[in-house]
Amino acid sequence: MFRNLYADTRSILSSRIFGLAMLAVFAGQTFDFVITKVIYLVIDASISAESIAYFYPSAAGFIVTAATLFITDREFSNGCIRNKIISGVKRSDAFLSAVCGGMLQAVMYTLFACVVSIFFSSFFTLGFMAESISEIADRWLVTTMACVAIGVFSTSIVMMLGGNKISYVVGLFLAFAMKVWDNRILGKLYPEKGHCTLTGMNLAVCRFIDRYVPYSYLVARPHYDMGSYIIGCSAMVIFSVVIGLVVFNKRELK
Amino acid sequence: MINLYKADMRRIKSNPIFIIGCIIAFLVTFVFTKNLIGLTGSFEMMGTEGRMYFVSIAIMAFFTIFVPLYTNMEFRYGVIRNKLVAGYSQKEVYLSHLLGHFTALAIMTAVYIVAGILGGARDFGKLFGPCVIYIISICGYIAVMMLISFRITKMVIVSIFAFLVLNFNYSAIMFGNFLISFVLKGIANKIGIWIYNMSPFGQWMVWFYKMAISPEDFTNPGVPAQILISVGTTLIMMFLATAGINKRNLK
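Line order of the protein sequences matches chains A and B. Residue numbering for the first sequence follows the numbering used here, beginning at 1 and increasing consecutively. Residue numbering for the second sequence follows the numbering used here, beginning at 1001 and increasing consecutively.
Just so you know, the hints here were simulated from the structure itself, not pulled from any lab data. Cβ atoms here follow ideal geometry from the backbone N, Cα and C, with glycine treated the same way. Worth double-checking, as some hints may not be accurate.
Stated by the list, open to error - Mimicking DSBU-like on lysine-lysine, the simulated pairs with C-alpha atoms at most 35 Å apart in a straight line are:
{"#": "1", "chain 1": "A", "residue 1": "K188", "chain 2": "B", "residue 2": "K1013"}
{"#": "2", "chain 1": "A", "residue 1": "K193", "chain 2": "B", "residue 2": "K1210"}
{"#": "3", "chain 1": "B", "residue 1": "K1185", "chain 2": "A", "residue 2": "K37"}
{"#": "4", "chain 1": "A", "residue 1": "K37", "chain 2": "B", "residue 2": "K1190"}
{"#": "5", "chain 1": "B", "residue 1": "K1013", "chain 2": "B", "residue 2": "K1247"}
{"#": "6", "chain 1": "B", "residue 1": "K1034", "chain 2": "B", "residue 2": "K1185"}
{"#": "7", "chain 1": "B", "residue 1": "K1013", "chain 2": "A", "residue 2": "K250"}
{"#": "8", "chain 1": "A", "residue 1": "K165", "chain 2": "B", "residue 2": "K1083"}
{"#": "9", "chain 1": "A", "residue 1": "K193", "chain 2": "B", "residue 2": "K1126"}
{"#": "10", "chain 1": "B", "residue 1": "K1013", "chain 2": "B", "residue 2": "K1034"}
As the list claims (entries may be wrong) - To give an idea of the interface, some chain B residues facing chain A are shown, with a C-beta separation under 7 Å as derived from the structure:
{"#": "11", "residue": "S1014"}
{"#": "12", "residue": "I1065"}
{"#": "13", "residue": "L1069"}
{"#": "14", "residue": "M1155"}
{"#": "15", "residue": "V1156"}
{"#": "16", "residue": "I1160"}
{"#": "17", "residue": "F1163"}
Can you make the complete structure from the sequences, with help from the hints?
Right, dumping it as structure tokens:
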């Protein structure tokens, strides 16, 4: 298990797509800063750190899903997964190792994004005006947890459907659909004007998604207790791993 | 070329993703337009025509999935190579594919319209203009997807780029709404509106806003401009996809 995990980790860290994903995080944050700076120059105002600090959470669903998809799919297209199994690695070990790789990637991207965000916030803005240090840390912690859950989920999908063309679109489509849906849910639960008009089942479903689905943690600042976020992320990780293990152990590899 | 198109259409019409897509398009349009799931609030207020127009955005999402999957499958299974061996050029193959996807769009639109009419949307005067403009803008979007699918042959990269374009469209329109409303003035505002309308999501938003939210159209450059932008986008994408493509070596 650990030899396999070591090999996978080494493969991830030395892969070109891992570096490209890091570059995408940096480029995205820089682009966001430049655009925001230009807008603030036009309206003749100064930038507060809140305006630019959270680019990554808005793009994290896509970045983590795309990177884990590419790296995990490589195992199938290069025949690595088949070679591992032929050389005696248990299927469950191969699966768990891939899932740990997905987690590792998510953590690395988020930590890097946090460092880049702090760099831009510290040197190019007036600083945080409306958030305390603990709130900022809280947000990055929740973002990291959500990204880990999404990384595990995305890796599990590819491992379950690996080699099938549907695996290329399911995770990416889900990440996009959840982003759009979560924005809509936020608008309904916390409208800018007036009160929330949702009732009954609609309200229950919207609150559940807002509280327990990790994709929605990336859309807004944390507004529930930490326990809810831990439950949401853990549930997604456990479901992904259990279902993934069952399917991956039974499926025939092409 | 016409033979290639016919062969493509035969394959598209029997493609399970396309068939399932058309069935889902029918069901979703019918259910939303007739409001069978009892939607309240803004969905209830926008009326049958508004709800029918609202679900049309799913066509854009469908072609984000279908165009890369279908075209890349042709590369992977060697269909395109067989066509080249049979004496057709890569440009002809590209054009036949593009035309095939436009026809697939027409079929899906027909399914969508039938479902909408059965669901109770009968105000054709209100729906005709927005639907035609939106479908023309989707042609531009399909051309973008074809550019990605034809220039890149590795499936995983194609799908990442396709969804990157979709995500970018969504984020740019959300950001564009803010910029056009509050920041851009004068000529910059006009340029912003033209850029905003380069995305089918932007053009969809212009008419959805007008039909369901408010008659004020602050992002609308006018119908001729919208059509011109869509046709221009399609032509530019076609040029980028076909420039020097006949010299490319397929592995």
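Taking the earlier hints as the rules, which of them does this structure contradict?
1, 6 and 11
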